[in-house]
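Protein chains in written order, with numbering that gives the first Met the number 0: chain L, 0 to 458; chain S, 0 to 303.
Derived from the structure by calculation, the hints contain no laboratory data. Among these hints, one or two may not hold up.
Now the in silico label distances, taken between C-beta atoms and shown as ranges [as the list claims (entries may be wrong)]:
#, chain 1, residue 1, chain 2, residue 2, range
1, L, Ser403, S, Phe90, 36 to 44 Å
2, L, Ser77, S, Arg97, 42 to 50 Å
3, S, Thr71, L, Ile348, 45 to 53 Å
4, L, Asp389, S, Leu272, 25 to 33 Å
5, S, Arg228, L, Arg439, 55 to 63 Å
Chain L is nowhere near these chain S residues, computed Cβ spacing over 10 Å in every case [claimed, not checked]:
#, residue
6, Ile23
7, Ala96
8, Ser107
9, Leu150
10, Gly151
11, Asn239
12, Gly277
Since we're looking at a predicted model, the values are computed, not measured. Glycine included, each C-beta is placed from N, C-alpha and C at the ideal position.
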Amino acid sequence: MKASDTFSARESRNQGWRVCLGLAALLWGAAFAHGAEPSAQAIAPPPAPGPAAGLADSAGLRATVFGTSAQNLAPMPSTVPLVEINIALPWARPVPDVFWFDRKLRVWFSAQAKPAPLAIVISGTGSDGNTAKLSALRGALFGAGFHVLTMPSPTFPGFIVSASSTGVAGDLMQDGHDLYAAMQQLIARLPRKVRVTEIDVLGYSLGGANAAIVKSIDAAEGKLKIHRAVMIDPPVSLFASIGRLDKLFAINIGTGDDAIERLYRRLYAELANSYRASDRVQIDRDFLLAAAAAALKTDAEFSAAIALTFRLDLVNVFYAGDLYAGTGVVVDPKHPPRVGDSLEETQRILRLKPFAEYFTKVFAPYYLKQRPNATAASLIADNRLDIIGDTLRSDSDYYAQTNSDDVILNAQELAWLKDTLGSRLAVYDHGGHLGNIGERQQVSDMLRMLAGNWPGAAK
Amino acid sequence: MKPAVLLCLLSVAAGGCASQGVSIRSLPSQHPAADNAAAVERAAGFAAAAVQASGAAGETGQDSPQALPPVTPADAPSMHTYDPWERLNRFTYRFNARFDEAVFLRLSDAYRRVPAPIRSGVHNFFGNLSEIDSVINYALQWRLRSSARSLGRFVINTTFGIGGLFDAAAKLKLPGAPTGLSTTLARWGMHPGPYLVMPFLGPSTLRDGIGFLGDYGTSYGIDVAKLYRGNVSWGLGALNAVDQRSNINFRYYSTGSPFEYENVRFLYVRKRLIEDEGLRAKDSNKGASSTTQQENAAEEPAGK
Chain L
0 MKASDTFSAR ESRNQGWRVC LGLAALLWGA AFAHGAEPSA QAIAPPPAPG
50 PAAGLADSAG LRATVFGTSA QNLAPMPSTV PLVEINIALP WARPVPDVFW
100 FDRKLRVWFS AQAKPAPLAI VISGTGSDGN TAKLSALRGA LFGAGFHVLT
150 MPSPTFPGFI VSASSTGVAG DLMQDGHDLY AAMQQLIARL PRKVRVTEID
200 VLGYSLGGAN AAIVKSIDAA EGKLKIHRAV MIDPPVSLFA SIGRLDKLFA
250 INIGTGDDAI ERLYRRLYAE LANSYRASDR VQIDRDFLLA AAAAALKTDA
300 EFSAAIALTF RLDLVNVFYA GDLYAGTGVV VDPKHPPRVG DSLEETQRIL
350 RLKPFAEYFT KVFAPYYLKQ RPNATAASLI ADNRLDIIGD TLRSDSDYYA
400 QTNSDDVILN AQELAWLKDT LGSRLAVYDH GGHLGNIGER QQVSDMLRML
450 AGNWPGAAK
Chain S
0 MKPAVLLCLL SVAAGGCASQ GVSIRSLPSQ HPAADNAAAV ERAAGFAAAA
50 VQASGAAGET GQDSPQALPP VTPADAPSMH TYDPWERLNR FTYRFNARFD
100 EAVFLRLSDA YRRVPAPIRS GVHNFFGNLS EIDSVINYAL QWRLRSSARS
150 LGRFVINTTF GIGGLFDAAA KLKLPGAPTG LSTTLARWGM HPGPYLVMPF
200 LGPSTLRDGI GFLGDYGTSY GIDVAKLYRG NVSWGLGALN AVDQRSNINF
250 RYYSTGSPFE YENVRFLYVR KRLIEDEGLR AKDSNKGASS TTQQENAAEE
300 PAGK
């Protein structure tokens, strides 16, 4: 693989930090090992059929990690105005001490000077509303004449604390309702001179599924009159996708504490040696990008990077869910931690825990209590995109883009998307998971979909 | 001067507390077209560097027989970070986050509206002042050539660079390579010590904290042009702080994570340890003395 292909990520306010965290994930290591525990669980974890890396081949894994190469980026406008909106939502619950900083929902908004359609873009799993990928989409959409509002994922801790009505993230319908309510508040409080002609919703990864659900909720409630929805690389079965990421972790990093320790030590040594060999004054973002490119060589290493980055996000969701649901896995419901308390040990324990455990110990117990008629199997089924399958099939205002080497899909799931959306699905040969956001073809197709200028669009 | 600065800080802080329901913070515009062009350029640069590195990789081993053996996984420090003052550190971290949100960030937002050439002049001016610390510390590290180079930079930038507003020396192929007391202490064999969150300044270690205070004390003691003890010292200090903050791309709790304290601590300490490794390697290379070019190209970390 050419080195020039690898450094594609765009400059953005948050990106250095994301890169650091990604590398932190690598350095850290985390463990999958929970196997020693006697599994007297009544609730079976969601199945994750298919290979752990989904449809991804070597190129798909690399595209997922490195993103769109700089040479293939779509043309962008020269200037995009940006404001950050912090909003306290009326239904927010008391904020736990450890989350004191997440009291308000934070979103980012770019306004056109004239009346224009509004594109609301929802971030991917665990991410806030100002990622590098959102910056790329913001630039493309603003350049095409949209007001752009970018929102965090309902699995981002800031959203869970400030905007979730349950605190237990990951349920497609529940998260959709929370997002929909937050959108209404936000739109009502946009700067006065902003004139919105119509509203479209988009999202990438989990955010794509969220966007479609929000549109379907709006179809019933009619408060925003959302016109079109575009899903970019959405999951089809959320829990199956995440389950495969857990498998990816177990296969490529291993199980047990020593596996983590080993990974951390290897990466530390690798970083130290490349720093010695470099002529850098300080460790900075460029060095980290270069070191990451040098450290990751094999498919297993790329897989490990993907699985770890995901696990780092899961740790936050798990912690918040356990705290709000009072399920007591790592947070004592009677004595929640306070600001001065160390969370190192809690974090260490959570790093060992896969999504399956979040499902069996936090998510399912909480929602089974809330919904007397539900079963573990029905909760899993409710997190498949086919809960709105009929709508997706019949309503020509839903669109999707995906890649035939996406990490989070298997062959059946891709076939389901093709069958359900028909010509309103664009499938690209390469890109892995989100590895072609901001790329020329992806952007121009997305804009055509939003303009209703795509095969299968309603006239 | 002092009351004016205080009043300004207080009014900004009060503004930060006033908003309850919705607050809108305008950010500098994004320039995606230019960013993309820069990304393309950087990618080309990386590609060139990678080719160069792969060419050089084969030679270094033979060229420097006395060079340190490579860092092995067994040399990696524990994943646990020594943090005996954790409770205090956590409170300081939270104080810093709040102060940053209420005061620092607002000032640096406002400051970013100042035209870029003026900001870069300010940045260069403070950079030039800190060159004095570099001259002294390189001497204390017995890196006399680097010390002389820093002195050269100081003289060139103070004269041709009009009091340090322009980095004229960099254009003469004398790029900056700041050092400080923390690096000197490291070279003398002092370990980083416990993790320390400094009020206003953020993540540090005991050694980096001592280094910071020592560097400031040196500047204060020398008091070039009465900038540190004269009437303008408060205003200049505030400007220096705002300049530094506006050049750091970090937002407290933008990760939203309850584990941010742990994450930042882990990253900061590992980063500094790896920079120490680089320092050690450079010393050893100097002994081998065949890779002087590398010595010229860059020096060790600036500490903060």
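For each hint, the structure was consulted:
1. In this structure the supplied range 36 to 44 Å is violated for serine 403 of chain L paired with phenylalanine 90 of chain S, their Cβ-Cβ distance being about 52 Å.
2. Separated by about 36 Å at the C-beta atoms, serine 77 of chain L and arginine 97 of chain S break the suggested range of 42 to 50 Å.
3. Between threonine 71 of chain S and isoleucine 348 of chain L the Cβ separation comes to about 29 Å, which falls outside the hinted range of 45 to 53 Å.
4. Between aspartate 389 of chain L and leucine 272 of chain S the beta carbons are some 57 Å apart, a value that contradicts the proposed interval 25 to 33 Å.
5. In this structure the supplied range 55 to 63 Å holds for arginine 228 of chain S paired with arginine 439 of chain L, their Cβ-Cβ distance being about 59 Å.
6. Interface exclusion of isoleucine 23 of chain S from chain L breaks down, the closest Cβ pair being 5 Å apart, not more than 10 Å.
7. With a least CB separation of 6 Å from chain L, alanine 96 of chain S falls inside the 10 Å interface cut-off, contrary to its annotation.
8. Non-interface status of serine 107 of chain S relative to chain L is upheld: no Cβ of that chain comes within 10 Å, the nearest being about 12 Å off.
9. For leucine 150 of chain S, the non-interface assignment is confirmed: its Cβ lies about 18 Å from the closest Cβ of chain L, beyond the 10 Å cut-off.
10. With a cut of 10 Å on Cβ distances, glycine 151 of chain S stays outside the contact zone with chain L, its closest approach being about 17 Å.
11. The claim that asparagine 239 of chain S is not at the interface with chain L holds, since no C-beta of that chain comes within 10 Å of its own (minimum 19 Å).
12. The Cβ of glycine 277 of chain S sits about 5 Å from the closest Cβ of chain L, inside the 10 Å cut-off, so the non-interface label is violated.
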